[in-house]
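2 protein chains.
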Amino acid sequence: MKSMLYGVSVGPGDPGMLTLSAVEAIRDCETICYPVKKAGEKSTALEIARSAVSLEGKEIVELVFSMDPEDSVRRASEKVALDKLCGILDSGKDVAMVVLGDIGVYSTYMYIDQAVRDRGYRTKVIAGIPSFVYGASKAGLPLMLGNESFCVIPMAKDSADRLDEALKDMDNIVVMKAFKSIDTIISLMKANDVPLERATVISNLGMDGEYIGPLVADREYGYFTTVIIKRCSRI
Amino acid sequence: MKSMLYGVSVGPGDPGMLTLSAVEAIRDCETICYPVKKAGEKSTALEIARSAVSLEGKEIVELVFSMDPEDSVRRASEKVALDKLCGILDSGKDVAMVVLGDIGVYSTYMYIDQAVRDRGYRTKVIAGIPSFVYGASKAGLPLMLGNESFCVIPMAKDSADRLDEALKDMDNIVVMKAFKSIDTIISLMKANDVPLERATVISNLGMDGEYIGPLVADREYGYFTTVIIKRCSRI
Chain A
5 MKSMLYGVSV GPGDPGMLTL SAVEAIRDCE TICYPVKKAG EKSTALEIAR
55 SAVSLEGKEI VELVFSMDPE DSVRRASEKV ALDKLCGILD SGKDVAMVVL
105 GDIGVYSTYM YIDQAVRDRG YRTKVIAGIP SFVYGASKAG LPLMLGNESF
155 CVIPMAKDSA DRLDEALKDM DNIVVMKAFK SIDTIISLMK ANDVPLERAT
205 VISNLGMDGE YIGPLVADRE YGYFTTVIIK RCSRI
Chain B
5 MKSMLYGVSV GPGDPGMLTL SAVEAIRDCE TICYPVKKAG EKSTALEIAR
55 SAVSLEGKEI VELVFSMDPE DSVRRASEKV ALDKLCGILD SGKDVAMVVL
105 GDIGVYSTYM YIDQAVRDRG YRTKVIAGIP SFVYGASKAG LPLMLGNESF
155 CVIPMAKDSA DRLDEALKDM DNIVVMKAFK SIDTIISLMK ANDVPLERAT
205 VISNLGMDGE YIGPLVADRE YGYFTTVIIK RCSRI
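The listed protein sequences correspond, in order, to chains A and B.
Position 183 (the first sequence) corresponds to 187 in my numbering; numbering is contiguous.
Position 66 (the second sequence) corresponds to 70 in my numbering; numbering is contiguous.
These aren't lab readings, by the way, just hints derived from the structure by calculation.
In this text, a Cβ means the ideal position worked out from N, Cα and C, and glycines have one as well.
Worth double-checking, as some hints may not be accurate.
[What the hints assert, rightly or not] 20 Å max Cα-Cα, derived SDA-like pairs, lysine to any residue:
| # | chain 1 | residue 1 | chain 2 | residue 2 |
| --- | --- | --- | --- | --- |
| 1 | A | 142 | B | 62 |
| 2 | A | 142 | B | 165 |
| 3 | B | 142 | A | 142 |
| 4 | A | 172 | B | 165 |
| 5 | B | 62 | B | 122 |
[Unchecked claim] Some, not all, of what chain A presents toward chain B, calculated at C-beta under 8 Å:
| # | residue |
| --- | --- |
| 6 | 21 |
| 7 | 28 |
| 8 | 59 |
| 9 | 107 |
| 10 | 137 |
| 11 | 154 |
| 12 | 155 |
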């Protein structure tokens, strides 16, 4: 059992943002796996991989990891997917599982990695460009300078309090999954006396409805919306 | 004046962590610039670039940006460097300035970029893998999962309070420049009831004294030391 599972970060969508190590792993592995929530779902990560490396002749395998609210359904789906994956590894093939952005940033891959290692297989993860790092470069903004602090707050049910705290303590704040929370962000910035000009919205990069610009209330933002707030802007 | 300054992130040191866009920019530019604090200083960024792309036949230019405490000395050094850089751009050559890690993470490049744009030139920045993203991948740790928050605190004179706040509010904390602050980190974790097992030290990756392991008080850590604290570990 010498085969290896590679967890391969393919970056934020721009094929130029693949690393040399990612390209090498995708090129050298006989099998490319991609995780989906439902059978037949399209994988953006697979398309990014394909745009940089020819996948011709490779075995392409979909692995369904259900997000069903029912625990038993999720576990059953996970068992099927892991059995399939480990079956390929047992046949002596190396596998590259492709993951959007960086594998350490809000990716469920690390659970899969742990489960595969628990079954006695070898794994290796390859870092990639997180979407917020790419977004900042596209907006021409530094994420942090000097001795500034930095944080990422994903918007969810109970995130308003966290963002409120961050707007008091942190120099640079990236608000992810901000699509439905633009009004909340604006009112929290106002409440904390952070001028709205300090915010830059990065939305649907490279997709329909791409927008890089100021935080404006009366505007529609795409599903993939991140807001970078530089509380102590020095540039 | 159609030439372009590329700010090229070359990643954390591993040549495999260069992106395809970084390789392309280094390959296509006639001139490679690298910033140093003192004339004659070695540039790790340049060595990383050289390990991935042959620099033969290219013009390699050192640009000194002094870090002298005296404001006038820094400004004079900056003027000389910018004149030199803009002279090359005026001659119609594209320039790649190479920068360690990601260009948006504690890099002074963004000041240079702004100054060059203020002089009327075109610039483009290319994102890269930040050291903390690479460190997490090497340690096999996710930076954040689900809806967890994440922050980076660089240790400096007044950073203990910031770390104390982060240990109360944030799910995942990366402490950078931690070399001299191991004792402070340990005592703040204890004060906030965060078990020391939640911390992983990543020190001098790929260099002498490399260490990836638990946070232990009675141990020497290298100069390049980062601590990842997962307050709400779920893996």
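Hints, one by one, checked against the model:
Using a Cα cut-off of 20 Å, the hinted pair residue 142 of chain A and residue 62 of chain B is violated, with the two alpha carbons roughly 27 Å apart. A threshold of 20 Å between alpha carbons decides the hint, and for residue 142 of chain A with residue 165 of chain B the separation of about 33 Å lies outside it, so the pair is violated. Pair hint residue 142 of chain B plus residue 142 of chain A does not hold up; C-alpha atoms about 27 Å apart against a cutoff of 20 Å. Under the criterion of a C-alpha separation no larger than 20 Å, the hint pairing residue 172 of chain A with residue 165 of chain B is consistent with the structure, at around 13 Å.
The straight-line distance between the Cα atoms of residue 62 of chain B and residue 122 of chain B is roughly 27 Å, outside the 20 Å bound, and the hint therefore fails. A hinted interface residue such as residue 21 of chain A counts as satisfied when its beta carbon comes closer than 8 Å to some beta carbon of chain B; here the least separation is about 5 Å, so the hint holds. This hint holds: residue 28 of chain A has a C-beta 7 Å from the nearest C-beta of chain B, less than the 8 Å allowed. About 16 Å separates the beta-carbon of residue 59 of chain A from the nearest beta-carbon of chain B, more than 8 Å, and the hint is not met.
A distance limit of 8 Å between C-beta atoms decides the matter here; for residue 107 of chain A the minimum to chain B is near 7 Å, and the interface restraint holds. Because the smallest distance between the Cβ of residue 137 of chain A and any Cβ of chain B comes to about 5 Å, under 8 Å, the interface hint for this residue holds. With a cut of 8 Å, the hint placing residue 154 of chain A at the interface with chain B holds, because the nearest CB-to-CB distance is about 4 Å. Because the closest C-beta pair between residue 155 of chain A and chain B is about 4 Å apart, less than 8 Å, the hint holds.
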